[in-house]
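First to last, the protein sequences are chains F and D. In this text, residue positions in the first sequence follow this note's numbering: the first is 1, and each later residue adds one. In this text, residue positions in the second sequence follow this note's numbering: the first is 1, and each later residue adds one.
These are calculated hints, taken from the structure and not from any lab test. A couple of the hints might just be wrong.
No more than 30 Å apart at the CA atoms, straight line, and that leaves these computed lysine-lysine pairs for DSS-like [to be verified]:
{"id": "1", "chain 1": "D", "residue 1": "K28", "chain 2": "F", "residue 2": "K215"}
{"id": "2", "chain 1": "D", "residue 1": "K28", "chain 2": "F", "residue 2": "K366"}
{"id": "3", "chain 1": "D", "residue 1": "K251", "chain 2": "F", "residue 2": "K215"}
{"id": "4", "chain 1": "F", "residue 1": "K262", "chain 2": "F", "residue 2": "K222"}
{"id": "5", "chain 1": "F", "residue 1": "K209", "chain 2": "D", "residue 2": "K116"}
{"id": "6", "chain 1": "F", "residue 1": "K222", "chain 2": "D", "residue 2": "K215"}
{"id": "7", "chain 1": "F", "residue 1": "K209", "chain 2": "F", "residue 2": "K222"}
{"id": "8", "chain 1": "D", "residue 1": "K251", "chain 2": "D", "residue 2": "K116"}
{"id": "9", "chain 1": "F", "residue 1": "K215", "chain 2": "F", "residue 2": "K366"}
{"id": "10", "chain 1": "D", "residue 1": "K28", "chain 2": "D", "residue 2": "K324"}
{"id": "11", "chain 1": "F", "residue 1": "K222", "chain 2": "F", "residue 2": "K414"}
{"id": "12", "chain 1": "F", "residue 1": "K215", "chain 2": "D", "residue 2": "K209"}
{"id": "13", "chain 1": "D", "residue 1": "K262", "chain 2": "D", "residue 2": "K116"}
{"id": "14", "chain 1": "D", "residue 1": "K209", "chain 2": "D", "residue 2": "K262"}
{"id": "15", "chain 1": "D", "residue 1": "K262", "chain 2": "D", "residue 2": "K28"}
{"id": "16", "chain 1": "F", "residue 1": "K209", "chain 2": "F", "residue 2": "K262"}
{"id": "17", "chain 1": "D", "residue 1": "K209", "chain 2": "D", "residue 2": "K251"}
{"id": "18", "chain 1": "D", "residue 1": "K251", "chain 2": "D", "residue 2": "K366"}
{"id": "19", "chain 1": "D", "residue 1": "K414", "chain 2": "F", "residue 2": "K215"}
{"id": "20", "chain 1": "F", "residue 1": "K262", "chain 2": "D", "residue 2": "K215"}
{"id": "21", "chain 1": "F", "residue 1": "K262", "chain 2": "D", "residue 2": "K28"}
{"id": "22", "chain 1": "F", "residue 1": "K209", "chain 2": "F", "residue 2": "K414"}
{"id": "23", "chain 1": "F", "residue 1": "K262", "chain 2": "F", "residue 2": "K215"}
{"id": "24", "chain 1": "F", "residue 1": "K215", "chain 2": "F", "residue 2": "K251"}
Number of protein chains: 2
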Amino acid sequence: MIAEILSTGDEIRSGATVDTNSAYIAQKLELAGMEVVRHTCVGDDMAALVSVLEEIGHRAQTAVVTGGLGPTVDDLTAAAAARAAGVELVLDPAALDAVRSYFESRGRTMSRSNEKQAFFPAGAEPLMNPMGTAPGFCCQIDRCFFFFLPGVPAEMRRMLSEIVLPRLEIIQGKDKATALSRTITTFGLTESATGERLAGCEAMFPGVKLGFRVKFPEIHVKLYVRGQDERSLAATLQTATEWVTAQLGEKVLCVDGSSIEKVVGRLLRQQGATVAIAESCTGGLISDWLTNVPGSSDYFLFSGVTYSNDAKTQILAVSPDTLKQYGAVSEETVKEMAAGARRIAGATYGLATSGIAGPDGGTAEKPVGTVCIGLATPDVLTGHRYYFPFGHRLRNKEIFAASALDVLRRALMKSFLDRHAF
Amino acid sequence: MIAEILSTGDEIRSGATVDTNSAYIAQKLELAGMEVVRHTCVGDDMAALVSVLEEIGHRAQTAVVTGGLGPTVDDLTAAAAARAAGVELVLDPAALDAVRSYFESRGRTMSRSNEKQAFFPAGAEPLMNPMGTAPGFCCQIDRCFFFFLPGVPAEMRRMLSEIVLPRLEIIQGKDKATALSRTITTFGLTESATGERLAGCEAMFPGVKLGFRVKFPEIHVKLYVRGQDERSLAATLQTATEWVTAQLGEKVLCVDGSSIEKVVGRLLRQQGATVAIAESCTGGLISDWLTNVPGSSDYFLFSGVTYSNDAKTQILAVSPDTLKQYGAVSEETVKEMAAGARRIAGATYGLATSGIAGPDGGTAEKPVGTVCIGLATPDVLTGHRYYFPFGHRLRNKEIFAASALDVLRRALMKSFLDRHAF
Chain F
1 MIAEILSTGD EIRSGATVDT NSAYIAQKLE LAGMEVVRHT CVGDDMAALV SVLEEIGHRA
61 QTAVVTGGLG PTVDDLTAAA AARAAGVELV LDPAALDAVR SYFESRGRTM SRSNEKQAFF
121 PAGAEPLMNP MGTAPGFCCQ IDRCFFFFLP GVPAEMRRML SEIVLPRLEI IQGKDKATAL
181 SRTITTFGLT ESATGERLAG CEAMFPGVKL GFRVKFPEIH VKLYVRGQDE RSLAATLQTA
241 TEWVTAQLGE KVLCVDGSSI EKVVGRLLRQ QGATVAIAES CTGGLISDWL TNVPGSSDYF
301 LFSGVTYSND AKTQILAVSP DTLKQYGAVS EETVKEMAAG ARRIAGATYG LATSGIAGPD
361 GGTAEKPVGT VCIGLATPDV LTGHRYYFPF GHRLRNKEIF AASALDVLRR ALMKSFLDRH
421 AF
Chain D
1 MIAEILSTGD EIRSGATVDT NSAYIAQKLE LAGMEVVRHT CVGDDMAALV SVLEEIGHRA
61 QTAVVTGGLG PTVDDLTAAA AARAAGVELV LDPAALDAVR SYFESRGRTM SRSNEKQAFF
121 PAGAEPLMNP MGTAPGFCCQ IDRCFFFFLP GVPAEMRRML SEIVLPRLEI IQGKDKATAL
181 SRTITTFGLT ESATGERLAG CEAMFPGVKL GFRVKFPEIH VKLYVRGQDE RSLAATLQTA
241 TEWVTAQLGE KVLCVDGSSI EKVVGRLLRQ QGATVAIAES CTGGLISDWL TNVPGSSDYF
301 LFSGVTYSND AKTQILAVSP DTLKQYGAVS EETVKEMAAG ARRIAGATYG LATSGIAGPD
361 GGTAEKPVGT VCIGLATPDV LTGHRYYFPF GHRLRNKEIF AASALDVLRR ALMKSFLDRH
421 AF
């Protein structure tokens, strides 16, 4: 089935925002057995929208459109779809009720402009949006069946998986190809180094397609297979996953696409362990990540974001002599920070960072990109220094935070293996 | 000058790679005064490439194409351009020498497949690539002047700025249009409420285009103007900005597109003040945001991410009686948390959050989405409760964090006004 993707909005057209929706939709449609042949983006302009909808209507069998469903004057998608289909815009009372009760359920009153969101091309079917006020809709334009979804990624993703993909499944019927995929989360190699270690994968496993997605600082390795026989596809995928895992060794965090904070959280929970953090250069990012995982209060006890030296001595009981002799960014200081966080929170593990995220504060001996990571376990206290050449404050915070979590992950793995050794 | 952008390649088409090139090129072209009306992406397929090149050749005045210039069989761009232009592919001896010397200068031998990279549509002009083996080229197809660049971002970016933009400057000559824009950061209204308050803006300021971008939980209002006379455009933009600011009042954080943490940081710095945070439900996100701003160590002293009650009492000296009587999520507890953070860090301001981010932990009285925000200033100690109906853990953390920073921002504004009152 030939599919196209259209993203709309001046922020995408002008380049103010990178369009990540189209790649996401393309992947999902391809996995669902469709052939995505083209993506297009146009701005919030009625003539441009109408003409691109007519073109796609003529070329494709199905299309997913994102954006332009909001309540403001620059949201033109429904009106453009009506023109391209040659029909009127009509009010859908059920959709109006849904928008109104979205507001009422949250104790708010629907504003007049939101009424606009309940108008659709005549004959279109509204698609409820469980996460926001903008309903989507689907309708036929020329030869093509269109799905119109909001541009907000979280809303689009949920409606794509809950509404669009199941319908396409039915439309495709039994001619549908099966596609399976596996996402392997890795940390610690560049994208090109990861690619080099996996060279020859596609030749070794015919039918397997290899892809890489940089979710900085993680690299996600994707394996896809497509065909008719689901059981043999699954077996091929499994063998290829094992080969990739063997090639990348300890750089593999998991084979289900989870993020590092989720992997660390699972290991802590498995072992009934808890953690406390002392963050300097990472500024709260490690705790933010850890607490993004639902249920993290079971193992995450405390983080002290001790940016100033005073905070380090007063809250974490780092010795002023250590700070004076070795500096805040040193193996010695992060060891004391980790031990302090562990002690005051009564945690199984203490993890600490101190480094130079930049843009200022670097020296010849400790340039921007230097980080020291300390770990206090029930048995040992360690501190190590690392250097990353990214030269960008936010990237540095991210690579520092992920590196610290990876230090903890390896300790947790080791503890697990030690306890389960023969 | 009407411009289009085309990205080519199966990795983009299938969604394995997010296309960041097109947004980058769009921004640069718009800043150079061009009007980018459409982006398209097609895969490594001869028929698709030829037909999209013909379409763009018919619609646009100039176009930038990326990808498909490499040495492998799936690199089809030059051949497709020749077909679309109705000419032959011919060998360019100078380009062949350039590719050969690229290899020789690195002590390597050019492989046969690289010879392909010196073939261009007859009449095209090769564009040297200073960073890689793939030369680009430019040529006319139908009414449009095309620039073909490599897909590797670093190579594309350098060739765009060193070759394409200077040529477009000359081609545009004195017809060149100027485009100006202004981004107004707002917080505290929904997108639709923001749109309603600004209804009539485009009618009142002819030539001004109004756009909205949800950068959750901020709403960014964008004003664009385009024309020939830069001075009058700037004046129009300024008047429109003042009108928008008046309509939105205290919901406006700034008129330069800065994020809330940057605005708060500027106010703290202006007043020589410092801040300490006590975070429960926001889990470190407030401190992460604040420390994303370079130089934040001047005013950010400490954050205690006190997830457990023990951490609240031991580190922030919250009274166990308060926790017992009112609960962790209460006005009373966040007041003590804010006061505790302020005291132990010796900061001018103490800011605290405690709430229920979900998905679990809600009750009838304190449902998921409830947050209490405490603020300790040199003069007063306040605690307030808010409720947000987003029902999603990460969104709740973000709206809680932004609300807390907004409480601090208003206090800083008030303190500034008080001190500068007549």
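Structure-based check of each hint:
{"no.": "1", "hint": "D:K28 to F:K215", "result": "holds, 25 Å"}
{"no.": "2", "hint": "D:K28 to F:K366", "result": "violated, 36 Å"}
{"no.": "3", "hint": "D:K251 to F:K215", "result": "violated, 33 Å"}
{"no.": "4", "hint": "F:K262 to F:K222", "result": "holds, 19 Å"}
{"no.": "5", "hint": "F:K209 to D:K116", "result": "holds, 26 Å"}
{"no.": "6", "hint": "F:K222 to D:K215", "result": "holds, 29 Å"}
{"no.": "7", "hint": "F:K209 to F:K222", "result": "holds, 8 Å"}
{"no.": "8", "hint": "D:K251 to D:K116", "result": "violated, 58 Å"}
{"no.": "9", "hint": "F:K215 to F:K366", "result": "holds, 27 Å"}
{"no.": "10", "hint": "D:K28 to D:K324", "result": "violated, 58 Å"}
{"no.": "11", "hint": "F:K222 to F:K414", "result": "holds, 27 Å"}
{"no.": "12", "hint": "F:K215 to D:K209", "result": "violated, 34 Å"}
{"no.": "13", "hint": "D:K262 to D:K116", "result": "violated, 51 Å"}
{"no.": "14", "hint": "D:K209 to D:K262", "result": "holds, 26 Å"}
{"no.": "15", "hint": "D:K262 to D:K28", "result": "holds, 25 Å"}
{"no.": "16", "hint": "F:K209 to F:K262", "result": "holds, 27 Å"}
{"no.": "17", "hint": "D:K209 to D:K251", "result": "holds, 21 Å"}
{"no.": "18", "hint": "D:K251 to D:K366", "result": "holds, 26 Å"}
{"no.": "19", "hint": "D:K414 to F:K215", "result": "violated, 41 Å"}
{"no.": "20", "hint": "F:K262 to D:K215", "result": "holds, 25 Å"}
{"no.": "21", "hint": "F:K262 to D:K28", "result": "violated, 38 Å"}
{"no.": "22", "hint": "F:K209 to F:K414", "result": "violated, 33 Å"}
{"no.": "23", "hint": "F:K262 to F:K215", "result": "holds, 15 Å"}
{"no.": "24", "hint": "F:K215 to F:K251", "result": "holds, 15 Å"}
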